[in-house]
Amino acid sequence: MEVLLNDFSPGLFVVQTILLLALIFLMVKFAWKPILNSLNEREAGIEEALAAADKARTDMQNLQADNEKMLQEARAEREGMLKEAREIKEKMISDSKEQAKLEGDKMLKQAQAAIESEKKAAVADIKSQVAELSVAIAEKVLKEDLSSNDKQLKLVDTMLSDIKLN
Amino acid sequence: MMQVSNTIKTLLQLLILCFSLQSFAISDTEPEGAVSGKEQVDAYILHHLKDSHDFHLFSYTSDSGERKHVGFPLPVILWSSNGLATFMSSEFHHDDNGQVVVEKNGSKFVKLHSKIYELDAGASSVNFDEEHHATNAHKVLDFSITKSVVGVLLVGLLMLLAFSSLAKQYGKKKIPTGFGRVLEPLVLYVRDEIARPNIGEKHYRKFTGYLLTVFFFIWVLNLLGLTPFGFNVTGQIAVTACLAIFTLIIYTVSGNKDYWMHILWMPGVPVFVKPILAIIELAGAFIIKPFSLLVRLFANISAGHIVVMSLIAIMFTLKESLGVAGATGLSLVLSFFITLIEVLVAFLQAYIFTALSALFIGMAVAEHDHDHEHDEAGHEVADTEDVRADFI
Chain X
1 MEVLLNDFSP
11 GLFVVQTILL
21 LALIFLMVKF
31 AWKPILNSLN
41 EREAGIEEAL
51 AAADKARTDM
61 QNLQADNEKM
71 LQEARAEREG
81 MLKEAREIKE
91 KMISDSKEQA
101 KLEGDKMLKQ
111 AQAAIESEKK
121 AAVADIKSQV
131 AELSVAIAEK
141 VLKEDLSSND
151 KQLKLVDTML
161 SDIKLN
Chain E
1 MMQVSNTIKT
11 LLQLLILCFS
21 LQSFAISDTE
31 PEGAVSGKEQ
41 VDAYILHHLK
51 DSHDFHLFSY
61 TSDSGERKHV
71 GFPLPVILWS
81 SNGLATFMSS
91 EFHHDDNGQV
101 VVEKNGSKFV
111 KLHSKIYELD
121 AGASSVNFDE
131 EHHATNAHKV
141 LDFSITKSVV
151 GVLLVGLLML
161 LAFSSLAKQY
171 GKKKIPTGFG
181 RVLEPLVLYV
191 RDEIARPNIG
201 EKHYRKFTGY
211 LLTVFFFIWV
221 LNLLGLTPFG
231 FNVTGQIAVT
241 ACLAIFTLII
251 YTVSGNKDYW
261 MHILWMPGVP
271 VFVKPILAII
281 ELAGAFIIKP
291 FSLLVRLFAN
301 ISAGHIVVMS
311 LIAIMFTLKE
321 SLGVAGATGL
331 SLVLSFFITL
341 IEVLVAFLQA
351 YIFTALSALF
361 IGMAVAEHDH
371 DHEHDEAGHE
381 VADTEDVRAD
391 FI
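In order, the protein sequences belong to chains X and E. full-length UniProt numbering applies: residue 1 is where the first sequence begins, and numbers increase by one. full-length UniProt numbering applies: residue 1 is where the second sequence begins, and numbers increase by one.
I should point out that these hints are in silico values taken from the structure, not numbers from a laboratory. Since the model is a prediction, treat every value here as computed from it, not as a measurement.
In the DSSO-like style, the derived pairs of lysine-lysine whose C-alpha atoms are separated by at most 27 Å in a straight line are:
1) E:LYS174 x X:LYS33
2) E:LYS172 x X:LYS29
3) X:LYS29 x E:LYS168
4) E:LYS173 x X:LYS33
5) E:LYS202 x E:LYS174
Chain X on its own, in the form it takes in the complex (with noise of 0.2 Å):
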């Protein structure tokens, strides 16, 4: 301790601290704070950097994202159409092949219900036709002499062939 205190320099002390002080003041002056200011500012640049590749990146994925969601919005859309359309054809030829059908069977319907109505008609008329006739024919036999069966006989034969021609 008794070396260590003798060997100690108060004149070395104070010129060191005197020294010490303006290096520190230099240092600090032309050095430090240039140099601490300009990494900071580079590390901020750096940060900011990063934070904007970032955003970049993250924007990039949304529009990829939205453009996989329009793209898929887009098939989805195709594919309904194409569905619609299908089955409005579908639905289309079905409707048009009940409505042929349905035309068919009311054609049939109304053709065997005017068959029939006119078969009504032509028995109604061979029914009034064959009295008419009936009574045409009793009428001339009346009217003639019925005495011998050769003009009855000629009668009817001229009657019946009057029929025919009719």
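Model the placement of chain E on the given structure of chain X, informed by the hints.
Chain E only, in chain X's frame:
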């Protein structure tokens, strides 16, 4: 970069100029002889560890048997009882035993074991007691440009040149080139590994300048001590004391209310313990902390110098038992490896000094979150600012 190398070149030229001017001007006839033998080695090492008033490079014995010292003198500036006295150290003619008396301003000065003494009035030569202490001379305030001061000036100049050129580079480009590319990571290291974690994100900026200066100052001086120029600046107790006192002043001045509260009236302990703790804390803050700083640096660097020089001295001391080649080889191998370790120690001590300074400052400026300072039972929870989260 060109500028720096040019300046360094100029400095070297200046140095060589001084050296060539002085190399043959200094000579003395004292039959000191080359260093050999244990006592002489011890004396030489002790002499080296002390500050010196001239810049001694090497000595040799000329053909005529004259002992020549090569180096250059440095200015001596003294504050004596008769006021300021200045002269060149060459006036002592390399005398270190109080033989040569230099008379200036009516005062007589002698140099004794690297210290300059002023002879008491009326005395014409030094008288010694049995322990070889001067009896009729007293110490004077010695503001000389000693070898250590030269070292400080040299390192200061180098730091200013190197780092101001780095600072200038940032004006032109974002990323430094050349030597600046080496310096920048070092600056970042001190800022991010020493200042930030120890002081805390909020306050570190204010103290980074001091810490950077001290770190590079100590480191470069430590490295300079390993060169054959034989500087031993960080092994001077006055220098380390100055550095430690700077740290002491900084953390004392910037200490906040919590810091003083924890020193003077520690919260969370029984009242009767508080005064005892205050005494311990005061001693810690004003004596133990700076003392640990100054002694650690001084002792490590001095020890390193002693070990390196002792291992080099093996060359002489073991000459008889191992032969010249054996002693030289052993000495070279051992001193080579210990020098490698010393290069590490040079950095380590600079780091430790700076980190501890930062830690002490950090303790003084730490802001306590009063919400978690005491838990429900009233016990202290945490006493330090937890800044780890800032670095994950």
